[in-house]
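7 is the number of the first residue of the sequence shown in this note's numbering; add one for each residue after it.
For the record, the hints were derived by calculation from the structure and aren't laboratory data. Built from N, CA and C at the ideal position, the CB exists for glycine as well. Worth double-checking, as some hints may not be accurate.
[What the hints assert, rightly or not] As a list, the in silico DMTMM-like pairs of lysine to aspartate or glutamate whose alpha-carbon atoms are at most 25 Å apart: (1) Lys99 with Asp57; (2) Lys329 with Glu133; (3) Lys150 with Asp65.
[What the hints assert, rightly or not] For each label pair, taking beta carbons as the anchor points, the in silico distance ranges come out as: (4) Phe22 with Gly136: 52 to 58 Å; (5) Ala125 with Leu189: 44 to 50 Å; (6) Ala322 with Gly56: 51 to 57 Å; (7) Ser348 with Gly238: 31 to 37 Å; (8) Ser348 with Val247: 45 to 51 Å.
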Amino acid sequence: AQAAQEVIDGKLDQEFVVDVFQTGSGTSTNMNANEVIANRAAELLGGARGDKALVHPNDHVNMSQSSNDVFPTAIHVAATEAMVSHLLPALKKLRLALENKAQEFADVVKPGRTHLQDAVPITLGQEFSGYASMISHGIERVEKAKVSLLELAIGGTAVGTGLNAHPDFGRLVVERINAVTGLAFCVSKNRFEALQSRDAAVEASGAMRSVAVSLTKIANDLRLLSSGPLTGLGEIELPAVQPGSSIMPGKVNPVIPESVNMVCAQVIGNDLTITIAGQSGTLELNTMMPLIAFNLLQSIEIEANAAEIFADKCVAGIVANRKRCMELAERSYALVTAIAPSVGYDRAAKIVKKAQDEGKTIREVMVEEGMPREEVDRILDLRKMVTGGRLQHTSHGDTVV
């Protein structure tokens, strides 16, 4: 136990020399661990490394175990612990940062955009609330996937029957793991499935892939919204974290969103690898477990790091360009949508065409078309438009929401 604790504490990391790409059951790494523990235990008992009479790597350290049940158990324990201690807290931090910005920007009216073309107004806060919701759903997906990882294969030994293991071994190991981690692992409901299939790992990877897709969308939106500062949208300003160019003085690039995008690309690539590896359950055993472990744990680590950095170094410091947002919203031809129910689609389209041809705003053209200015201002009240509903005008100049 003391030798195993030294392994846990990282004191013997240099003794683990087996490459990730090895036999698919992970026997090489499992025996590497067994031998390190056995040799260190022998030293602690006053013997020498290699003294199998004191502690034997197979007879003692591997007692009641097989690589086939130990390795999937290790994958589940490591992935669950990393999700709980690192990934979920990081995602929750990012969600909170986005929710804070949604509140801060609740009154910032700006143009909406669909197909990268002008659409009806929206607030910057509403836009950010969508981002926060994406991360919230991602957290729920990770939480659900985590449940599947709580089942452990330990006690199944070579093929799931538990041959050469004490009947209580799996249960006692799980109880000890729970005491150490504070988590709620359980003995697998079916140890044959627990050895044959790595579906729980595939599910967990899929949840992280979904989060990566959301993070990519958010990061790319922030890049677009902050583009410029003079020739782009320029609706928000991202925190400057480093000079953006080795040749163009004063240039500031969206460094953090771009780094997040690269992490997400890696996570999505890892997910494909894990999916392919998950298909390699042949008869009683999956034979790509080390590859699954390597990619799954990397995805958890880098996605958690990316979410935390995204929250701290980018989202928390975003500033809205309120004036720019309102100017663009006022200039949008999509404002004519508010009067289309009253004047008809075709007439509304003619108003847009005239505005485009003459370089005028929808507001100016509507006044020229004979609508009282006061009524136009009521209909084109952008702050009311972002609340939804139907705006209509009558011949008496009354506005009904």
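Quick rundown of the hints versus the structure:
1. A C-alpha spacing of about 50 Å is found between Lys99 and Asp57, which places the hinted pair above 25 Å, so the restraint is violated.
2. For the suggested pair Lys329 and Glu133, the alpha carbons sit about 17 Å apart, so the restraint of at most 25 Å is met.
3. Simply put, Lys150 and Asp65 have alpha-carbon atoms about 38 Å apart, too far for the 25 Å limit, and the pair is violated.
4. Take Phe22 and Gly136: their Cβ atoms lie about 45 Å apart, and the range 52 to 58 Å is violated.
5. Taking 44 to 50 Å as the suggested C-beta distance range, the pair Ala125 and Leu189 conforms, at roughly 46 Å.
6. Separated by about 55 Å at the C-beta atoms, Ala322 and Gly56 satisfy the suggested range of 51 to 57 Å.
7. At roughly 35 Å, the beta carbons of Ser348 and Gly238 sit within the given window of 31 to 37 Å.
8. One distance hint, 45 to 51 Å for the beta-carbon pair Ser348 and Val247, holds here, with the actual separation near 49 Å.
Consistency note: the structure conflicts with the earlier hints numbered 1, 3 and 4.
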